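K.L.:
Sequence:
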Amino acid sequence: YIKKSNQKLSEILNVPYVILMSNGTCATHCLFLSLKFKYPNIKKIYVSNNCFVAAWNCMFKEYKDFEIMRMDIDTWNIDTSKEEILKIDKNSCVFIIHNVGNIINVPRLKKIRPDLIFIEDNCEGFLGKYENSYSGCSKDILCSSVSFYGNKTLTTGEGGAFFTHHKYIYDYIKSVYSQGMTEIKYLHDKIAYNYRMTNIQAAFLYDQLNDLENIL
Numbered sequence: 001y002i003k004k005s006n007q008k009l010s011e012i013l014n015v016p017y018v019i020l021m022s023n024g025t026c027a028t029h030c031l032f033l034s035l036k037f038k039y040p041n042i043k044k045i046y047v048s049n050n051c052f053v054a055a056w057n058c059m060f061k062e063y064k065d066f067e068i069m070r071m072d073i074d075t076w077n078i079d080t081s082k083e084e085i086l087k088i089d090k091n092s093c094v095f096i097i098h099n100v101g102n103i104i105n106v107p108r109l110k111k112i113r114p115d116l117i118f119i120e121d122n123c124e125g126f127l128g129k130y131e132n133s134y135s136g137c138s139k140d141i142l143c144s145s146v147s148f149y150g151n152k153t154l155t156t157g158e159g160g161a162f163f164t165h166h167k168y169i170y171d172y173i174k175s176v177y178s179q180g181m182t183e184i185k186y187l188h189d190k191i192a193y194n195y196r197m198t199n200i201q202a203a204f205l206y207d208q209l210n211d212l213e214n215i216l
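Heads up, the final residue of the sequence shown is numbered 216 in the numbering used here, and it's a clean run with no missing numbers.
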């Protein structure tokens, strides 16, 4: 059911690379592991003040230099005005958090600042949309995470997923999330974790993915 759910999510969301994980926090931590892997020179993270603490905890595992962005009082998301986005330092990453289901138009931000790197915590925005594509699924971002916790639209009790359009990111995280194992079984070449989803959780997810329109 891991393989079936991966394929189903990829088809629904139009994202080529999906990795099911034990929870949304694990998937969000992998956003920062991906960032350090692909862009080791990025030093500063721009982040929302208004979010569940798990997002900050994931950031703190890998980065210490951060800046809190101005808040939009109507959405409890970051202020996405052109003026605010233009203030962001070069060589930085913006950690997008779709807070309480309010969706930030990330492709629009990328058009304003094509030099910035965007990663998305889509745990509270799963199945939301921006510019005719699902949130967290744009080619303008490095990667995104979702949660299947008990209070989410689809739930496996605990559980989450990691999404990317980039094969090299997928290959790296596919190793990192499973004890750093290489293609040679029991040969491990990096510090890593056990972030794998169980087959039983994936079975719950697969059933809901096949009944998605009714659930929505």
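Incorrect hints may have been included.
[What the hints assert, rightly or not] Think about it this way: if two alpha-carbon atoms lie no more than 27 Å apart in a straight line, the pair counts; the simulated DSSO-like pairs of lysine-lysine are: (1) Lys43 <-> Lys82; (2) Lys4 <-> Lys111; (3) Lys82 <-> Lys61; (4) Lys174 <-> Lys190; (5) Lys3 <-> Lys139; (6) Lys8 <-> Lys111; (7) Lys3 <-> Lys185.
Derived from the structure by calculation, the hints contain no laboratory data. Computed from a predicted structure; not experimentally measured.
K.L.:
Could you run down the list of hints and mark each one as holding or not?
P.N.:
Each hint, compared with the structure:
no., hint, in the structure
1, Lys43 <-> Lys82, "holds (23 Å)"
2, Lys4 <-> Lys111, "violated (35 Å)"
3, Lys82 <-> Lys61, "violated (30 Å)"
4, Lys174 <-> Lys190, "holds (12 Å)"
5, Lys3 <-> Lys139, "holds (23 Å)"
6, Lys8 <-> Lys111, "violated (30 Å)"
7, Lys3 <-> Lys185, "holds (19 Å)"
Violated hints for the displayed structure, listed by number in ascending order: 2, 3, 6.
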